[in-house]
Structures are given as structure tokens and as C-alpha cells.
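Asker: Taken in sequence, the protein lines are chains U and G.
Following numbering that gives the first Met the number 0, the numbering of the first sequence begins with 0 at its first residue and continues without gaps.
Following numbering that gives the first Met the number 0, the numbering of the second sequence begins with 0 at its first residue and continues without gaps.
Keep in mind the hints are simulated off the structure, nothing from the lab.
Some hints here could point you the wrong way.
Each computed DSSO-like pair below joins lysine-lysine, with the alpha-carbon atoms no more than 27 angstroms apart [to be verified]:
1. Lys144/U / Lys144/G
2. Lys19/U / Lys19/G
3. Lys19/U / Lys131/U
4. Lys121/G / Lys19/G
5. Lys131/G / Lys144/G
6. Lys121/U / Lys131/U
There are 2 protein chains.
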Amino acid sequence: MTSSRIVYLNGDFVPFAEAKVPVMDRGYLFADGIYEVSAVLGGRLVDNAAHLARLDRSLGEIGIANPHDAAGWERLQMELVRRNDLVEGLVYMQVTRGVAERDFAFPPAGTAPGVVMFTQAKTVAANPLAEKGARIITVEDLRWKRRDIKSVALLAQVLAKQQAVEAGVSEAWMVEDGAVTEGSSSTAFIITREGTVVTRPLSTALLPGITRASVLRLAAEADLRIEERLIPVEMAYEAAEAFYTSASSFVMPVIQIDGRPIGDGQPGRHTRRLRELYLDLARAG
Amino acid sequence: MTSSRIVYLNGDFVPFAEAKVPVMDRGYLFADGIYEVSAVLGGRLVDNAAHLARLDRSLGEIGIANPHDAAGWERLQMELVRRNDLVEGLVYMQVTRGVAERDFAFPPAGTAPGVVMFTQAKTVAANPLAEKGARIITVEDLRWKRRDIKSVALLAQVLAKQQAVEAGVSEAWMVEDGAVTEGSSSTAFIITREGTVVTRPLSTALLPGITRASVLRLAAEADLRIEERLIPVEMAYEAAEAFYTSASSFVMPVIQIDGRPIGDGQPGRHTRRLRELYLDLARAG
Numbered sequence: 000m001t002s003s004r005i006v007y008l009n010g011d012f013v014p015f016a017e018a019k020v021p022v023m024d025r026g027y028l029f030a031d032g033i034y035e036v037s038a039v040l041g042g043r044l045v046d047n048a049a050h051l052a053r054l055d056r057s058l059g060e061i062g063i064a065n066p067h068d069a070a071g072w073e074r075l076q077m078e079l080v081r082r083n084d085l086v087e088g089l090v091y092m093q094v095t096r097g098v099a100e101r102d103f104a105f106p107p108a109g110t111a112p113g114v115v116m117f118t119q120a121k122t123v124a125a126n127p128l129a130e131k132g133a134r135i136i137t138v139e140d141l142r143w144k145r146r147d148i149k150s151v152a153l154l155a156q157v158l159a160k161q162q163a164v165e166a167g168v169s170e171a172w173m174v175e176d177g178a179v180t181e182g183s184s185s186t187a188f189i190i191t192r193e194g195t196v197v198t199r200p201l202s203t204a205l206l207p208g209i210t211r212a213s214v215l216r217l218a219a220e221a222d223l224r225i226e227e228r229l230i231p232v233e234m235a236y237e238a239a240e241a242f243y244t245s246a247s248s249f250v251m252p253v254i255q256i257d258g259r260p261i262g263d264g265q266p267g268r269h270t271r272r273l274r275e276l277y278l279d280l281a282r283a284g
Numbered sequence: 000m001t002s003s004r005i006v007y008l009n010g011d012f013v014p015f016a017e018a019k020v021p022v023m024d025r026g027y028l029f030a031d032g033i034y035e036v037s038a039v040l041g042g043r044l045v046d047n048a049a050h051l052a053r054l055d056r057s058l059g060e061i062g063i064a065n066p067h068d069a070a071g072w073e074r075l076q077m078e079l080v081r082r083n084d085l086v087e088g089l090v091y092m093q094v095t096r097g098v099a100e101r102d103f104a105f106p107p108a109g110t111a112p113g114v115v116m117f118t119q120a121k122t123v124a125a126n127p128l129a130e131k132g133a134r135i136i137t138v139e140d141l142r143w144k145r146r147d148i149k150s151v152a153l154l155a156q157v158l159a160k161q162q163a164v165e166a167g168v169s170e171a172w173m174v175e176d177g178a179v180t181e182g183s184s185s186t187a188f189i190i191t192r193e194g195t196v197v198t199r200p201l202s203t204a205l206l207p208g209i210t211r212a213s214v215l216r217l218a219a220e221a222d223l224r225i226e227e228r229l230i231p232v233e234m235a236y237e238a239a240e241a242f243y244t245s246a247s248s249f250v251m252p253v254i255q256i257d258g259r260p261i262g263d264g265q266p267g268r269h270t271r272r273l274r275e276l277y278l279d280l281a282r283a284g
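Extracted from the complex, chain U is given alone in its bound form (with noise of 0.2 angstroms):
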């Protein structure tokens, strides 16, 4: 939060402190809005297009028109980088339904929607926890019934999130009917004595995760055998290797759940090989 940190809004690129929202803004009297977070890797977008493709349709589901086509919003993103001297971090981008006197149904056609762009300052590549590997609990997951919409109503994950900050661990893995769905922030996998990479099927019951797509590419391209179905919680304990992905975290290694040692309680071979892997993607721009 320096006092140089440029902030885009609404057409504008205006000084942190002038970045605010009218109290009419939908997105904070509703939720009524998405969001998208792409990495930073020396000064370039990570993973870009596909964070566009899925705000375009995160928009699409809830009725917001998208304000930008992909070029245009990696205009702004890159503009933004460019003011914010950034080299490695993330980029947040915020679409909302726009200001309107307060009413649940949507505002009079023609209401254009508010956009909010700006920066975080990150180490995501040289990750310490990745050399040490994640500690993390599992929660119940509370959400909502659309969680393939990547919508800003995120009270439950940052309950979640605080439930993991309180226990001293890093992530929480979210259950609903024995079962992981996924991270507070991020994709639960885990690989197991075989040597399978396990991630949950997409469904609306977790969001379609763009490092978790990459990331099975580099795994298949690895020929590492992939199983998409159910992590029930005890399988999860009893895997070889455990890992989350996210756009800020790339692959993150777990070494403990729920207070037992996963594998022999190192981050896993295959995931080290796999956070490379990536690593190498993000690299390449």
C-alpha cells in the first residue's frame, strides 16, 4: 500500500487512496459481482487467458455483460502492471453489477458495471512454504450451491481461511458428504500409493481451478496416470503425496492434514516435480 500504488477504476488509473466505491456499488451492498486473480511472473501474466475465459463466463452466469474482450482486459492488466512497477505478484480484477439505489433485482438495463483492477507485491515463485510444505485442516464447507461461479460472496471461504489462520496452518480443505470439494483458495489433489493424481471432477460444486487444468496437462504430459472422482477425507489422510494449486500458490505441497503426516510428512516427490513443471510454464509466459 505504498502511495504510489496506482489503482484501475472504472476507466481510470487513480492513486490508492482515491480508490473507492460508491456505498450503492453492488458489489458491496449484494455480492453481486466476479472476480479473477491472475500471477505475475517476471513482469508477465501467468495462465492469462484462461482467467479471462472463465471471468467472461463467471460474468455470463449471473447476467453481468463482460466490459472487456480478452484483449482489452490484458490492455488494462498490463497497463496496470506497467504503473505498479510489478514484477511478481498477482493482478485482481473485480466486475460488479454497478451502482444502483438498493433493490435485490437486478438495476435498470443500461447500469454499467463497476470494474476495479489493481496489484499485490508477491514472492509466488521462491514460495518458502513450498520448500517446507503446507500444513492445513479440513472444514465443513458451507457454501452456496454454485461454486463453479467465481463470484465475490466469499464469506464462507474466508471463514474457512480464518478456521486454517487459528489452527496455525496455511490452507483449509472444505468436506460436504465426506468428501473434499476443494481449498478455501485453491484445488485440493492428492496422489496416492499407486502413483495416481486424484482431483474432485468439475461441477458446480467447486470452481473450475486454471492452475488445477494446467497442472493436469503437465502431470498427463508426465505421464502420471490421473483419476478425476471423489477425495473422501480418510483417503486424502492415506495418500502418498497431497498438494493445492491456486493462481497465487501454483502447487503447493501438503505435508500434514488435519494434524497427521501425509506420506512421510515431506512435500512429495511427484509434487515437487510437478510445482517445476509449472514453474516452467509460468516462466514461459
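Based on the hints, put chain G in the right spot on chain U.
Answerer: The following block gives chain G in isolation, referenced to the frame of chain U:
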């Protein structure tokens, strides 16, 4: 939205056009906040103590410190009513977890909650819709599992209300496992052919409606039989009367559900009586 409209924002009464929150407000980024709405009739707050008690309870459930006690809130509400010359309408209150660099986990201890309050002028007593009765539809309940918390994570309710608007009706009752949970912004009631007032028992599946509680008390005082039980959609279709309650609609007769007339397709006798009784209560202040 007149130029003289005044909004309360973190300790100050500001002109509407200046009522803006930082993009890093957790209400905007995470739906990490709680709200309440109290009706104003004849310049007086309706059922306000109960609304403030629920606000306190909701805040406690998600770990936000309540920035004011009930007397403090009511002083601010009445000052806002006065500054806006509000005789009839609503006072809206929102408390978020405050402004902090974006991170799912709670911000550092000591981060001040964000408080916004505004008024909306609105005819709540002599509402023409209450004369002719509301038509409604049923929709799937997509919400999260802690609907007893009045959070601003309202996207599912927005989508439900919009479905109602697109169907040309006034409200959507949300249905889970075949039974009505509640309306998108109201509590659902039916009255059986035997004259029993039926509404769903309180649980995490629905909001503990303030108007709901008052109407149940009034129904009991009027010697109506009351049953708190699940209402299957078919049971609602076959009801003698139906209505919904909320801070802004008071007691709203329902004359049609999913295109099926309820009773004789007119506001029901008991429903009209309950609305009168509630209006008496509201006017008494």
C-alpha cells in the same frame, strides 16, 4: 437520490455523492459483512430493538465486534432519519470487517469495522400491492448453510429475486428438499384450510425474521392456531391463504404461487387481519 440525501459513513454524516468506501473494504471484496433494515413509519423505527439484537447476533457469529450498543445505533438511526426528513421508509445499516490489504483471513486485530447507514423513502403502510396481493414463484434455494446470519453475501437472493421479476411476479420463495425455506427477502407463511398459521421453524436454513416473530405473537394473541413445520411446495399450493413478511413489506398477502391461485385468488381474511394488527403495532412504535 436527491442532492440533499445524507449517508452515515464511519462516524460522519456525508452527502450521498461522497458516500464511498475503499475498494479494499472487505464488504466489497469478500461479502465480509452484516446488514439490517428497519422500517420507519410516522418517523418512528419499527421493531427496531429486535433488528439491533439480530445485528449484534449476526456480527458475533462471524467474529466482527459490534461497533455500537443498541442505544448508540438507535441514536445514529434517528439522527439519520432526522437529517433525511424521513417519515416513511427504511433505514439500512451495514457493518463490514473493515479495510485491509486483500487476504481471505481476518485482517489484523484492531482493524476498525466499516459502518454505512442510509435511508430509503418508501411507502410501507399504504402499499398498493398489499391491497391486491402478490403473485410469487418458487425457485431452488442456492444459498449457503448459515442463512441464520444476515450477511451481505446475497448473490443467491439477488438471482432468486431477479427470477421473480423476469416471471412478472413480486417475490420468489426458495425451495430446498421439496420444502419452502423462505422468500428471497422475506419469510414465508401459509394458512391452512383449518385456519392454522404455518411457517418454517427456525434453524440455520433460514433467517430468524423479526417481522416473522412479531406476526407469530400477534397471531397467537388473535387466537389463531400456529404450527412451525416444514412447508412442502404442494402444501403451499393447497393453502387457504399465504403471505410473506419482512421489514419492508410487513405482512404481504400472496394470491398466486407458480401460477396457481391460492384460496379464492384474493388476499385472505386472516392475512388481512394480521396485516392490520401489524400496522397497529408498527404505528404504536
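Asker: Hint by hint, note whether the structure agrees.
Answerer: Hint check:
| no. | hint | verdict |
| --- | --- | --- |
| 1 | Lys144/U / Lys144/G | 10 angstroms, holds |
| 2 | Lys19/U / Lys19/G | 6 angstroms, holds |
| 3 | Lys19/U / Lys131/U | 39 angstroms, violated |
| 4 | Lys121/G / Lys19/G | 23 angstroms, holds |
| 5 | Lys131/G / Lys144/G | 35 angstroms, violated |
| 6 | Lys121/U / Lys131/U | 18 angstroms, holds |
The structure is inconsistent with the numbered hints 3 and 5, although it conforms to all the rest.
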